[in-house]
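The listed protein sequences derive, respectively, from chains L and H. No gaps in the numbering here: position 147 of the first sequence is 846 in my numbering, and each next residue is one more. No gaps in the numbering here: position 61 of the second sequence is 87 in my numbering, and each next residue is one more.
Just so you know, not all the hints are guaranteed correct.
What the hints assert, rightly or not - Far from chain H by the CB rule (all over 12 Å, computed), these chain L residues:
id, residue
1, Phe-707
2, Gly-782
3, Leu-785
4, Leu-922
5, Thr-944
6, Thr-1012
7, Lys-1045
8, Phe-1216
9, Gly-1282
10, Ala-1283
Claimed, not checked - Below, a sample of chain H positions facing chain L; criterion: calculated Cβ distance under 10 Å:
id, residue
11, Ser-65
12, Tyr-93
13, Met-97
What the hints assert, rightly or not - In silico lysine-lysine, DSBU-like type, Cα no more than 30 Å apart, as pairs:
id, chain 1, residue 1, chain 2, residue 2
14, H, Lys-96, L, Lys-1191
15, L, Lys-1074, H, Lys-96
16, L, Lys-1074, L, Lys-1045
17, L, Lys-1191, H, Lys-95
18, L, Lys-924, L, Lys-941
Just so you know, these hints were derived from the structure itself, not from any lab. We put the beta carbon where it would ideally sit given N, CA and C, even for glycine.
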Amino acid sequence: MELKTLTFLVVGATFALYIWIAIRSRAITTSDFYVAGKGIHPVLNGMATGADWMSAASFISMAGLIAFSGYDASAYLMGWTGGYVLLAMLLAPYLRKYGKFTVPEFIGDRFYSNSARMVAIICLITASITYVIGQMKGIGVAFSRFLEVDFATGLFAGMAIVFIYAVFGGMKGITYTQIAQYCVLIFAYTVPAVFISLQLTGNPIPQLGLGSTMADGSGMYLLDKLDLICQDLGFAQYTAQKGSTLDIFLLTMSLMIGTAGLPHVITRFFTVPKVRDARSSAGWALVFIAILYTTAPAVGAMARLNLMETIQTGEIGAAEGNLSYAAAPSWFKNWENTGLLEFEDKNNDGRIQYYGPGIADQAESYGWQGNEMVKVDRDIMVLANPEIAGLPNWVIALVAAGGIAAALSTAAGLLLAISSAISHDLLKGIFMPQIDEKQELLASRIAMAGAIIVAGILGLHPPGFAAQVVALAFGLAASSIFPALMLGIFAKHVNSKGAICGMLAGLGTTLIYIFWFKGWFFIPGTNMAPDNAANWWFGISPGSFGAVGALFNFAVALLVSGLTEDPPEHIQRMVEDIRVPRGADLAADH
Amino acid sequence: MKSASEYWRRNLRLVIACIIVWFVVSFGFGIILVDAMNSMSLGGYKLGFWFAQQGSIYVFVGLIFFYVKKMNQLDREFDVHED
């Protein structure tokens, strides 16, 4: 069957499944809409958290970044998994004990102040919108390839689908749909990885294949071979460190504490029946996430190897050593159509030269006039990977379905966090306490639609690859929400003034730092300084700054609290109460 | 029932121990000491690279379940467990 038809069939079938589940479990009450009535088993909750968590950034973008950055992309792998350790030990059980719906609600109560709640809402919306922009980039890539249209059209099609699906579901629909999505996306991610690992190393387990010898009889380890090819073609060695240690350290830290501060993930832990389930839910979530995250390094390395060997078919510098454009495989032409892959025949020899700055001198003597792969969008690597490896069409269709599942599930979860912040916390909680449930649901649906439109428009010119945009969102969450939550639980004497000043200091510094280099509100061309290491403060990239912002947040909150009065007696008692599991509201099973 | 402050102190001790392990495998072996670790290897992986892209993740998973087990024991010991 033709690839396009097959892709339509597979994507259509998975969609029908999600929509069927969403309709069957449509939200009835507001409690259902936000947290699925607190009655979900930890293993299932872990699986749904996994789908919620693993977004377009993890599925589509991360392995592509790994493929091109090698070791340096480890920050994403460690950062997006290590945060669960913090979540399980520092936040989840206590927030579940406290037993409310949303993060701003906790911050507002713990710091006995509507202003604190308001600031938390601003932090939440800023981080979540940035995150959705990253998802929109991924959705645009997936849809443009799958519909064979340009990126912008793909993005608009994706926006429409996300809208229909998030607005009608609500959390309960989303929870069960997300379990289905997890199954689809993990299957779609691992199947091609297993095939490619078998092809290259003869070992079906990608995690082991990456550390094995090549199956081509050379006896060389795969990673050694990759290092060698990278070097021969003038790129940095794959396993070598390229960025500064400080920047990699801070990026990892920022992603970790951002994970523990992202509202759509935290909300998940409000939905388990008991405090001890909140702890183990984080563990189960990480198990399901780790399956993809330990496969990703193999996907990245093998995709890079296959890409380079596809283009550099023979000896470097030999007349016939490079792939001729006329003979380029169909995936090459298909991706060119989306505008995400660009080739320019600089020396008019009809062949493709793909090389790095390390061999510029030799290249000239071969008659090469520059790297001709002028644009290789990192975000296409995972989707293109099975085609590059020559896998059967059904695998390629499956990967498209998986990528779309990943992007949809996370976008829906985030939109829910944004809409509940606006309808539940902002309207019902602060400005219009008199509205009834029905009006609240309506407001949350309008808020969702608004968020999709804003994110979609900003997603047309994203400030980076999907995973990098998402990293910015994590920095914002890390610098604002995580410290407030942690201090709220672990430092009894931190008061409302301290928390508010801390959150504003953390969010403010991080946001300004990001906008300074990425453009105000990510509008291209409005940045104050070029976005490169020479201009960065101590070489800290905007994506890594969240960890520094968090440090400011902690310092300011503790300092201001130390100089002002202690929180009232009943707040201190409340903090003592959330520290012990017994007495949590029993979860209602709907 | 034993004192709440003793329960909290034991809880913090457990958390701090886990956080130290968390830090050592990721930031330690995977980032700060990566060059030194890379002089050793595990199959075709350089060891520092393995910790950064594989090993730390396995340790994280183990760490959470270790913590869950210990905390559940602690909850019972201090009689603050649920039902």
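Going through the hints against the structure:
1. Phe-707: Label holds. Min Cβ-Cβ 35 Å, cutoff 12 Å.
2. Gly-782: 9 Å, violated
3. Leu-785: Not fine: 8 Å to the nearest Cβ puts Leu-785(L) too close to chain H.
4. Leu-922: Violated, since 5 Å does not exceed 12 Å.
5. Thr-944: Given that some Cβ of chain H is not farther than 12 Å from that of Thr-944(L), nearest at about 6 Å, it is violated.
6. Thr-1012: Non-interface label stands for Thr-1012(L): nearest chain H Cβ at 25 Å, farther than 12 Å.
7. Lys-1045: 34 Å, holds
8. Phe-1216: Consistent with the label, Phe-1216(L) stays out of reach of chain H, its closest Cβ about 23 Å off (over 12 Å).
9. Gly-1282: 8 Å, violated
10. Ala-1283: Nearest chain H Cβ is 6 Å from Ala-1283(L), so the label is violated.
11. Ser-65: 13 Å, violated
12. Tyr-93: 6 Å, holds
13. Met-97: Hint holds; Met-97(H) Cβ to chain L Cβ min 6 Å, cut 10 Å.
14. Lys-96(H) / Lys-1191(L): 24 Å, holds
15. Lys-1074(L) / Lys-96(H): 51 Å, violated
16. Lys-1074(L) / Lys-1045(L): Roughly 13 Å between the alpha carbons, so the hint for Lys-1074(L) and Lys-1045(L) holds.
17. Lys-1191(L) / Lys-95(H): 27 Å, holds
18. Lys-924(L) / Lys-941(L): Roughly 18 Å separates the two Cα atoms, so the pair holds.
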